[in-house]
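These are the residues of each chain, in order.
Number of protein chains: 2
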Amino acid sequence: MAPVLQPQPSSSSRHPRVARLVAVGDELLSGDTVNTNATDLAVRCRELGLTLDRVVTVRDRIPEISAAVRDAASADVCFVCGGLGPTSDDLTAEALALAAGDTLVRDEAALARLEAKFAAMGYEMPDINRKQADFPSSATIVPNPIGSAEGFCVTVDGTPVYSMPGVPRELRRMFDDEIGPALAKRFELDAAPRRIYRAIGRGESSIAKLIEPIVAQARKTPGLESLFVHYRASTPQVLVVLEAPPSASVDVPAALASLDEAVLGAMSPALYGIGEATMAQRVVTALERANLRICTAESCTAGGLGATLTDVPGSSAVFDGGIIAYSNDVKMALLGVSEADLEAHGAVSAPVAKAMAEGARKATGSDLCVGITGIAGPGGGSPEKPVGTVHIDVFDGEVHLHKKLQLRGNRGTVRHCSQQWALKLVWDRLCARGLASPRCE
Amino acid sequence: MAPVLQPQPSSSSRHPRVARLVAVGDELLSGDTVNTNATDLAVRCRELGLTLDRVVTVRDRIPEISAAVRDAASADVCFVCGGLGPTSDDLTAEALALAAGDTLVRDEAALARLEAKFAAMGYEMPDINRKQADFPSSATIVPNPIGSAEGFCVTVDGTPVYSMPGVPRELRRMFDDEIGPALAKRFELDAAPRRIYRAIGRGESSIAKLIEPIVAQARKTPGLESLFVHYRASTPQVLVVLEAPPSASVDVPAALASLDEAVLGAMSPALYGIGEATMAQRVVTALERANLRICTAESCTAGGLGATLTDVPGSSAVFDGGIIAYSNDVKMALLGVSEADLEAHGAVSAPVAKAMAEGARKATGSDLCVGITGIAGPGGGSPEKPVGTVHIDVFDGEVHLHKKLQLRGNRGTVRHCSQQWALKLVWDRLCARGLASPRCE
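Protein chains in written order, with the working numbering: chain A, 315 to 755; chain B, 315 to 755.
Pulled out of the complex, with its shape left as it was, chain A reads as follows (with noise of 0.2 Å):
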């Protein structure tokens, strides 16, 4: 089967608006910092309907900024983050002067704002905080309530520049209080309708395979024509993304929903959700909705599972806690795994995950526990069970639902998946007591 030929680029009702992103930042480039900036931008992008067809990261360096956003200004609106520190690396204003054309210009009443933030902190301001007060003579500057960089806007090329901080906390909160905001007033902005569906425990080729179909056919459909198909692979979960142009005389949305049927058939038992909702957020609702507590039994996860699941907000109504058993020891003494068990099998062994999942589950008194027992690496494997051996058991005081997995990859991807597929395993329970289905978010 070829692949199917993808309609490039999409081609929509109305013209699509297009963002870049110019990243600032030498610890971008030498590897000291992820780019989560570039995703979160991403995220706000698309939720509000503009098109961000580029990301340029460019060092500290004067000249590069300012070549980059004057390349990026052939867009219809260009981002900025970073470089708005105290600090002699932090030359992103600079950058923007010189690109816009203008000079670097004190504000006296950001100089008193900044001043007022560090008196409200208990803190004498730094003099080379002052600099933070110098912005491009053309700038309209926008407010940071939550931290001493302020933003600003330059036109470059007729196009809106938006200069944001680094810090990300700081630069979402100015881009959903002020700029997004300001954005969707001036472009009528429409979001492209997408619809994913999410899969644990079946590869991409293979899932692509049995997609391709559905899509094809899909595309004889009103309003999918240009039907966009985006494969995600993220060990262990693929998702698949469908998105469509927005339209004025169909229901996109509508339409896309309606090839749940056929999907859900192609990709069961793996897929276990439709939607934007996590892995992680699907468990912590189905257990609130099924008024049921859960606590966790870690070993080679140490402690990740917890925290996976405490990530979503809200999540103390059903997570009771846990224990982290990494030792032999603690296994016995706190879990009741018994010494015959670890001895006769191993501590990576079906009983003793079953034994850690029990153990758990009577020391906190929780509805349902799961138990994850595994190699993680580099060291400790065997042949008999190489490294990524990891077993998995769920226990609702009923049932054993139990897992063997063989993973690859290092010590984080064997760790990253055991989390991810004890959440499916949970999922599955749930879903055959009844209490859960891939179509609840």
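Keep in mind that the hints were calculated from the coordinates and are not lab data.
Because identical chains cannot be distinguished in the list, a pair is counted as satisfied if it fits within a single copy or across any two copies.
For lysine-lysine, the following BS3-like pairs were computed, each having C-alpha atoms within a straight-line distance of at most 25 Å:
#1 K718 to K431
#2 K718 to K668
#3 K523 to K431
#4 K699 to K431
#5 K668 to K717
#6 K699 to K668
#7 K699 to K718
#8 K676 to K718
#9 K676 to K717
#10 K699 to K717
#11 K523 to K534
Using the hints, position chain B against chain A.
Here is chain B on its own, set in the frame of chain A:
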């Protein structure tokens, strides 16, 4: 004090070799995937002595990929990652054929290797994977021992362009085994020496104010004339990175190390370490050297501290496990926190943090324990104890080291900062006992 003028760009005795990365994938521009490949490659470039001066992220569109690569090819070497998979949105090989003026050609030997890989896993190869054996006609193939997508190298405008798969572990492996060594040989690379000073407990501005005079003075030292300082603030941590070009006549690493005394004096007691090792790595190493074992008692971080400690390979030598006491019931049942303390002081209080540390230490028999209880938000705050209130207690059987934090930021930030501060307190206790120092890795 005016900010110290930075040398721009840094001069070197030898022509620095410049690398650029083109990262391909709609998932990077929709915000569904964080671009960790850029970070992984950035670290590798720095360690190799290549100057990565730009990363450009583009969509899965042939003209956009091709244009970005042609543009990046003015560097000495160009990397491309992503878009080598089997699905219809994987278009990098076609785009690079266009950029190199090639056509796409099926490589029968590559097809045979691909089929053999599937056979070895016990699967029949889906037809759609056949396209992974298509390469630009002038390409040199780069092997992928752990995945289906082989990489390749083509020449664009005389510059080598290396295309790697987007799966992070496959990309890392391909770079480490093949591409990095080939480039080191071809360009006779020298990494710029750098020295990192790591602090928790002091702000970026305040640190910069102390560091800038030291840097200004250091630039009078032979070998450090072009000393460059970077500040990396990642709450609650601030890193100061001093970097200088390699020199044929001066021992630059030694010259950098000669600044330690001055920097230590300026940044203590926030400064916890000199060098590349993270807080967690240092704690694990120091505990192992001291033959001490640790456990955790976590409420608001809910396993995150255990997971962070055990991210360090070999941490099983020092980490016993811990108790995630998210609910008050678990705090009482498993940690022996008294109902009286919970009622009198609340779950987020110094006495409860102290009781948690004592309780987990007793339950596991570890030498040290760290207890964390706090309000991560968004709910649960009150005027007396707003979101971000966290109590941490480190107990080693003799001394309780306690810290109350009043953190700002969202749920993720509060949890992350709590973990980092918990490690810092353990470190401080080890330093106080003479078992660790900022000079230890």
